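Based on these hints, arrange chain B on the given structure of chain A.
Protein chains in written order, with my numbering: chain A, 1 to 121; chain B, 1001 to 1098.
Bear in mind the hints are in silico, worked out from the structure with no lab data behind them. Heads up, a few of these hints could be off.
[As the list claims (entries may be wrong)] Which residues of chain A face chain B? A partial, calculated answer using Cβ under 8 Å:
(1) Val16
(2) Ala40
(3) Gly71
(4) Leu89
(5) Leu103
(6) Gly104
All of these numbers come straight from a predicted model, not from anything done at the bench. Ideal placement from N, C-alpha and C gives every residue a C-beta, glycine not left out.
So the chains spell out like this:
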Amino acid sequence: MAKEITDLKRLEDRIVDLSARIERGIGAKGAKIVPVQTFAPEPYTLLKPMSVLLEDSEDGYLASFFDANIGTSGETEQEAFENLKSLVLDLFDSLSREAPERLGPEPARQLAVLRSFIRAA
Amino acid sequence: MPRRGPLFTTADAERIADKLEAVIEQGRRPHALAIVYHGEQRIAHFGIRRGSRDHGYGHLPSALHLSPHHTRRLADCPMSYDEWISVMREKRLIAEEN
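Just chain A, with the same shape it has in the complex (with noise of 0.2 Å):
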């Protein structure tokens, strides 16, 4: 009985110290913040900072944005950013160009949070 209870003890310092990583933007090794600063060279407006996570894949990296539940990949941390940043702007033009009647919950929530960070020069 006396393992059992410092083995649960050992866990919940465990939960404890992988929950103030990830509310560091640490998370799991491998894993890390990176923010958006600009879309340069594409006419585009960042209107406040968009924040990406990066992370080690089975080959290669993902990157995610999660507010707009947008996420592609690369096969380095730099081509999985870029390619994020790309696809974002794909997405934000796509949903843009269709008619709002036209659009269900899910692509008019991610519309408007893209128009809440983005905005066309």
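Relative to the frame of chain A, chain B by itself:
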């Protein structure tokens, strides 16, 4: 620790795009957008990345609002288009006409 779970490839993404009758829209390199409509309503979309490597679709489950397991089922045929639509309705990701 790298993320574990089923790996998804360009072939999986393309099979899913076919099954969901997605409209393909060319974007900036390297992506094409696969856009899924239900009737007149756009309900989901995901990027298909053209490149030399055939992995890196860890984002696909999230874009399809499915678990990795169910995304694998969608790619490999056990899950049908109608079953996926049912999941989307349950999650209220399809606006119903009044």
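Hint by hint, here is what the structure shows:
1. The interface hint given for Val16 (chain A) is violated, since its Cβ lies 19 Å from the closest Cβ of chain B, which is over the 8 Å cut-off.
2. A least Cβ separation of about 14 Å between Ala40 (chain A) and chain B goes past the 8 Å threshold, and the interface hint is therefore violated.
3. Proximity of Gly71 (chain A) to chain B holds as hinted, the smallest CB-CB distance being about 3 Å (cut-off 8 Å).
4. Because the beta carbon of Leu89 (chain A) sits about 7 Å from the nearest beta carbon in chain B, less than 8 Å, this interface hint is met.
5. Here the hint on Leu103 (chain A) is kept, as its CB sits about 6 Å from the closest CB of chain B, short of 8 Å.
6. The beta carbon of Gly104 (chain A) is positioned within 8 Å of a beta carbon in chain B (closest approach about 4 Å), and the interface hint is therefore held.
Taken one by one, the earlier hints fail for this structure at numbers 1 and 2, listed in ascending order.
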